[in-house]
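Chemist: This is what each chain is made of:
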Amino acid sequence: MDKPLTAFRYKIQKNHMRREVPIIICFLAGFFFIGNYFSPRLQPVAQVVNQWAIICIAFAYVLGVANILRVNYQVIKRKGRDWLYKIVLVAGLFIMLYFGIFGGVKEGTTFNWIFYNAMYPMQATMFALLAFYIASAAFRAFRIRSFQAALLGITAVLVMIGRVPVGEYIWKDFPPFVEWIMNVPQLAAKRAIMIGAALGAISTGLKVLIGLEKTYMGGE
Amino acid sequence: MKEFFEKLEKLDRRVIFIFVATALILPLFLPLNIKFSTTPPVQSFYDAIEFLTPGSKVLLSVDYDPGSMPELWPMHLAAVRQLCRKDIKIISSQLWATGSPLAERAFNEIAVGEFNKKYGVDFVNLGFKEGREVVMVSMGNSIPQTFPTDYHGNKTKDLSIMKEVKNFSDLAIIVNISGGLPGTKEWILQVQSRFHIKLISGCTAVSAPEFYPYLQSGQLSGLLGGMKGAAEYEQLMGKPGLGTKGMDSQSVAHIVIFFFILVGNIAYFSLKGMKEESK
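Residue numbers (the working numbering), protein chains in the order written: chain A, 1 to 220; chain B, 1 to 279.
Simulated from the structure, these hints should not be mistaken for laboratory data.
Only a predicted model underlies this, so the values are computations on that prediction, with no experimental measurement involved.
Watch out, some of these pointers could steer you wrong.
Reference excerpt, derived from the structure (chain B facing chain A, CB under 8 Å, subset only) [stated by the list, open to error]:
no.: 1; residue: L28
no.: 2; residue: T39
no.: 3; residue: G67
no.: 4; residue: K129
no.: 5; residue: A172
Straight-line distance between alpha carbons at most 30 Å, and here's what the computed DSBU-like set of lysine-lysine pairs gives [stated by the list, open to error]:
no.: 6; chain 1: A; residue 1: K106; chain 2: B; residue 2: K163
no.: 7; chain 1: A; residue 1: K86; chain 2: B; residue 2: K129
no.: 8; chain 1: B; residue 1: K118; chain 2: B; residue 2: K2
no.: 9; chain 1: B; residue 1: K198; chain 2: A; residue 2: K190
no.: 10; chain 1: B; residue 1: K129; chain 2: B; residue 2: K157
no.: 11; chain 1: A; residue 1: K172; chain 2: B; residue 2: K35
no.: 12; chain 1: B; residue 1: K7; chain 2: B; residue 2: K57
no.: 13; chain 1: B; residue 1: K239; chain 2: B; residue 2: K7
no.: 14; chain 1: B; residue 1: K157; chain 2: B; residue 2: K118
no.: 15; chain 1: A; residue 1: K172; chain 2: B; residue 2: K245
no.: 16; chain 1: A; residue 1: K190; chain 2: B; residue 2: K185
no.: 17; chain 1: A; residue 1: K106; chain 2: B; residue 2: K118
no.: 18; chain 1: B; residue 1: K239; chain 2: B; residue 2: K198
no.: 19; chain 1: A; residue 1: K172; chain 2: B; residue 2: K275
no.: 20; chain 1: B; residue 1: K155; chain 2: B; residue 2: K117
no.: 21; chain 1: B; residue 1: K129; chain 2: B; residue 2: K57
no.: 22; chain 1: B; residue 1: K117; chain 2: A; residue 2: K106
no.: 23; chain 1: A; residue 1: K214; chain 2: B; residue 2: K185
no.: 24; chain 1: A; residue 1: K106; chain 2: B; residue 2: K166
no.: 25; chain 1: B; residue 1: K279; chain 2: A; residue 2: K106
no.: 26; chain 1: B; residue 1: K245; chain 2: B; residue 2: K275
no.: 27; chain 1: A; residue 1: K79; chain 2: A; residue 2: K106
no.: 28; chain 1: B; residue 1: K10; chain 2: B; residue 2: K86
no.: 29; chain 1: B; residue 1: K185; chain 2: A; residue 2: K207
no.: 30; chain 1: A; residue 1: K106; chain 2: B; residue 2: K272
no.: 31; chain 1: A; residue 1: K106; chain 2: B; residue 2: K157
no.: 32; chain 1: B; residue 1: K272; chain 2: B; residue 2: K10
no.: 33; chain 1: A; residue 1: K106; chain 2: B; residue 2: K57
no.: 34; chain 1: B; residue 1: K10; chain 2: B; residue 2: K279
no.: 35; chain 1: B; residue 1: K239; chain 2: B; residue 2: K57
no.: 36; chain 1: A; residue 1: K106; chain 2: B; residue 2: K155
Just so you know, even glycine gets a beta-carbon here, dropped at the ideal spot from N, CA and C.
Produce the entire structure from the sequences given, and follow the hints as far as they go.
Modeler: Here's what the structure looks like:
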């Protein structure tokens with residue numbers, strides 16, 4: 001009789017820990033920061049809480065590293081898809097950690113040398129490839145199949161040409177015309193989207209704070 | 001004829017790649033030196049720094065990575081140059097880990113290399129701090145508490161430049177060089193609207209349209225959009241650099257892309273016409 005009751009209590013406590021406690025923390029933290037935005041009196045406390053948050057976020061990096069190791073170790077162990085790349089990833093992680101912790105990160109260190117001679121060119125290459133893919137995508141996407149597509153295509157071409165020096169060479173008022181496109185039609189549409197998204201974010205935020213939205217706790 | 005247009009409509013992307021590569025590389029060796037004027041957002045960015053009182057302190061937030069360097073590095077260098085030329089003290093922080101070495105290199109190249117400025121007196125690199133918006137808000141309360149040590153491990157409060165700097169109210173302006181998130185938008189939402197400090201931004205061309213509403217509302221006091229923005233800024237500074245050099249390539253590449261869009265549409269409408277005729 002006693003055993004099932006203990007198990008039942010344990011289950012209830014476990015559920016409390018999993019659901020109610022995170023909701024309470026979220027509620028208190030959320031409303032505290034909203035209050036802090038409007039009241040300078042909360043500033044000293046807010047500064048302490050901000051420091052806690054920064055420390056918590058730093059700890060999240062440890063979790064991130066652990067997760068990378070866990071996921072990639074499993075793939076490497078069973079020689080799954082792209083397992084060789086995963087070895088490079090894990091090796092890169094440890095190499096940078098080693099040189100960063102034991103050699104420092106300033107100018108002239110090995111860490112910095114790797115940054116400038118490996119990461120820098122690799123990231124630049126990835127970003128540079130974008131130009132080629134955008135050109136190819138523009139060729140295929142800007143077909144004038146409807147009125148809306150025509151509007152999009154013509155505006156895109158005008159902005160594209162007007163925002164480089166050759167546009168000004170073709171027509172001296174091209175840059176002011178493009179600025180007008182950016183400042184009037186573009187801005188009106190952008191502002192409408194931003195206001196809509198902000199209202200959505202406010203309502204979702206409130207739902208999270210009062211516990212109506214719980215998917216952030218694990219998709220239930 | 002139909003086959004030709006069908007081939008044209010489904011043009012192999014490698015052909016486009018070759019044309020774009022040629023358009024980008026050729027002008028680097030055979031510059032066209034096309035003249036261009038300054039747009040209002042760039043002029044505002046320049047004026048915002050130009051009208052600062054010499055000796056005042058600014059925050060330079062370097063929030064980008066090497067991937068965005070072609071667009072942001074030229075404006076980053078030009079901004080440091082203008083700040084040094086105006087004898088303004090620069091406090092740099094980074095919300096992107098990859099921004100720290102870039103901030104350091106820009107200081108070494110311009111502040112030390114060109115102007116012989118002293119670290120800790122005329123400029124300081126506070127380094128990277130994880131926490132995104134939380135770091136921004138925390139800096140609004142106390143910069144020395146948020147960054148107790150700088151990039152080199154010195155105690156922030158011991159540095160001469162940091163004397164009398166508590167929070168944003170002790171700074172004249174925030175200059176943000178932004179490659180994405182966290183970046184300009186977060187600086188506007190979390191800092192400008194809250195602490196009412198002047199903010200100017202240099203960002204990638206793709207994210208510039210997003211900031212036009214803030215520019216119009218006055219929340220952003222100046223904007224450099226992509227390499228063109230950097231080139232205009234360099235021109236205002238009277239010192240053409242990497243941004244200006246890239247303008248010819250960008251011009252020709254845009255013309256090539258326009259040409260392909262045109263060709264694609266000619267093929268599309270020709271095929272459409274032929275199909276209707278055969279019906």
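Chemist: Between K10(B) and K86(B), is the straight-line Cα distance small enough, at 30 Å or below?
Modeler: Cα-Cα ~55 Å, so violated.
Chemist: Does K185(B) lie within 30 Å of K190(A) when you go C-alpha to C-alpha?
Modeler: Distance ~14 Å between K190(A) and K185(B) Cα, so the pair holds.
Chemist: Decide if the proposed pair is consistent with the structure: K239(B) and K7(B), CA atoms, cutoff 30 Å inclusive.
Modeler: violated, 47 Å
Chemist: Straight-line Cα separation of K155(B) and K117(B) no greater than 30 Å?
Modeler: holds, 20 Å
Chemist: Need the status of pair K79(A), K106(A): alpha-carbon distance at most 30 Å?
Modeler: At roughly 37 Å apart (the allowed maximum being 30 Å), K106(A) and K79(A) break the hint.
Chemist: Check the hint pairing K239(B) with K198(B) against an upper bound of 30 Å on the C-alpha distance.
Modeler: holds, 26 Å
Chemist: Has the given pair, K118(B) with K2(B), been kept, meaning a C-alpha gap of at most 30 Å?
Modeler: violated, 70 Å
Chemist: Regarding the pair K272(B) and K10(B), is the alpha-carbon distance no greater than 30 Å?
Modeler: The given pair, whose Cα atoms are some 14 Å apart, holds under the 30 Å limit.
Chemist: Compare the distance between the alpha carbons of K279(B) and K106(A) with 30 Å, and conclude whether the hinted pair is satisfied.
Modeler: Violated: K279(B) and K106(A) sit about 71 Å apart, past 30 Å.
Chemist: Would the stated hint for G67(B) survive a check requiring a Cβ distance to chain A of less than 8 Å?
Modeler: Hint on G67(B): holds, closest Cβ of chain A at ~4 Å, below 8 Å.
Chemist: Hold the hint about K129(B) up to the distance rule: shortest CB distance to chain A must be less than 8 Å.
Modeler: Since the shortest Cβ distance to chain A is 7 Å, the answer is holds.
Chemist: May I ask you to test the interface hint for L28(B) with respect to chain A, counting a Cβ-Cβ separation under 8 Å as satisfied?
Modeler: Violated - the Cβ of L28(B) stays beyond 8 Å from chain A, reaching only about 13 Å at its closest.
The structure is inconsistent with the numbered hints 1, 5, 8, 12, 13, 19, 25, 26, 27, 28 and 30, although it conforms to all the rest.
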